[in-house]
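J.: Chain order of the listed sequences is A and B. Following this note's numbering, the numbering of the first sequence begins with 1 at its first residue and continues without gaps. Following this note's numbering, the numbering of the second sequence begins with 1 at its first residue and continues without gaps.
Only true hints are included.
No copy is singled out in the list; a pair is fine if it fits within one copy or between any two copies.
Derived lysine to any residue pairs resembling SDA-like cross-links, with alpha carbons at most 20 Å apart:
id, residue 1, residue 2
1, K331, C112
2, K261, E65
3, K331, F89
4, K208, D301
5, K251, L224
6, K61, N79
These aren't lab readings, by the way, just hints derived from the structure by calculation.
Number of protein chains: 2
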Amino acid sequence: MVYNELRKDYLLNRWVVIATERSRRPTDFAKQKTEQAESSSCPLCVGNEHMTPPAVMIYLKQNCEIEKSMDHDDARPKNWLVRVIPNLFPAFAPPKEQTNQAQIIKSESYGCAIGHHEVLVESPNHDEDPADAELPQLTLLINAYIDRLRELSAKPYVQYVSIFRNYGREAGASLSHAHSQMIATPIVPRIPAEEMAASKKFYEQHQKCVFCDIIEKETKSPRLVLENSHFVVFAPYASVHPLEFWILPKKHASNILGLGKAEIEAFAGTLKTSLKALKDLLNDPPYNYGFHLSINRDARDYYHWHLEVYPRLSIWAGFEKNTGMYINTVKPETSAAELRKTIHA
Amino acid sequence: MVYNELRKDYLLNRWVVIATERSRRPTDFAKQKTEQAESSSCPLCVGNEHMTPPAVMIYLKQNCEIEKSMDHDDARPKNWLVRVIPNLFPAFAPPKEQTNQAQIIKSESYGCAIGHHEVLVESPNHDEDPADAELPQLTLLINAYIDRLRELSAKPYVQYVSIFRNYGREAGASLSHAHSQMIATPIVPRIPAEEMAASKKFYEQHQKCVFCDIIEKETKSPRLVLENSHFVVFAPYASVHPLEFWILPKKHASNILGLGKAEIEAFAGTLKTSLKALKDLLNDPPYNYGFHLSINRDARDYYHWHLEVYPRLSIWAGFEKNTGMYINTVKPETSAAELRKTIHA
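Input sequences plus hints: build the corresponding full structure.
T.: Here's what the structure looks like:
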């Protein structure tokens, strides 16, 4: 296998993976129709485990216990609750032999897209999206995020791990079976890098975490969507998308590796409540969500993990794409009010 | 009228206009269907001039001459060739009275979205997109870009002018009548700002323009799409989109204000040829294009204007949106080869 190329723009700190294996020829786009898999032929459904690469991690139902395991080529259990598999067309692929960090960093602007690209099948049920999932199942998913993050972030060539979900075809989901994705990269991408630099600077100037500061202000603002003992949800002040909201843990932590059982359950509940409100409010719209976190030990004090949810209600067109400046047609205060009303209806 | 809010993200140098007048309520998105205007009721078609605000500039057909004029409330000529009108729901709106720069810059993170937002109706013919337009008509459009850029960039509160086009509903065009847009902003947005900073740095280190350097290299690369006496077209090394291409003038200039007659005609021809190749190759795909330029006199030596064309063939999903890192499924070298082949077919 040949690695995908990782290229950096001439001027911008903007990286791109040239992942040609993910499509055949440019003309394939001409009449592109994303076919939604039928449940019977869905490669992520129970019974079709042979249609995917072997799972790197599975949670198995064993009587009343949940057991962590993995596939072996000859044995692919069907009694799984969550199943994590390598992406069949990975944007980032693991190194063949031990590659040291220095080599990867040296390759820089003409490097190899070394890393990992995994698919987390969230449930045996084809349609179980987070808004409607049972809380124990959603809690398992969060646990899977944590388990995989622990493993991937320990690799010497991994600098960042993006955990995200695309919901709905218009949001980029090519398979409709409930799934999240995880991409581990050999560089810290632009947005988290900028966030880390800015929060570090704030910490040096004020001796406190900027996100802790934001939480304090937003819980008293009209942009608050909900608050419980562990989390706050609000529409950020400069929301880029209509109905955008962020979920932040009240307890300072730079990533999700140290979450306790109660926090994990609270996070599952908070995620479900917020996404259910979005679903009810806007008749099941497409959305993307992504974790923002740091796996850099230095960032422990100044960075604060959170989840950002972007409903896909508008199109980024010529202006947004050429300027990096966005037009949002809904006030965050209005978004928050509508979501609050739906939650309490 | 109340100005839209201009807000800056907590951490990123990422700006957003809160433009609530562009939509009514968040729930309007729920079953959003962008209706394409029928030609008979199209507000941009000849005969419907009263359906838009008065034109700030029109090119009129007067016998064999083209005359520059504008609408007056009581007189709206119908014999126009290009018509420039204020956007009915502007993202940026002009100040009521003379506002000085210092006041605007001071307002910074909680400022007003002062500026301009104009629609350039490219032709009296509803369907005349640049790939199929007659060259004299397309030349008029480029002249209109220049005329409007000259006027808008002279305003004391304008720091940047974005000229762009959305082609096709999936690319964000809500009206199908051939039109471009122009947005003048009171700050330099992130992408041009980063480009200018990086090209300035390159100039200080190498005493030459980085884009002149890129042109020299790319004309000898497999990413070249076409070259004529005035322009080069190539698929950039780190293309973010499949089939992306850029058009650069060989003659160094930081913006289009100084273009001569021959260059304007050559640019119209180059634009038409490239977009026609894209249209033929991929069965009329949606796309966005945008000018990258500088109106800052200081940038004259180090910045080099160009046009970037982004076909809309893939979806930016959770990974791209949360990391600012992109996955492109077509090698730029392949994109260039396919476009070259189509041009020479």
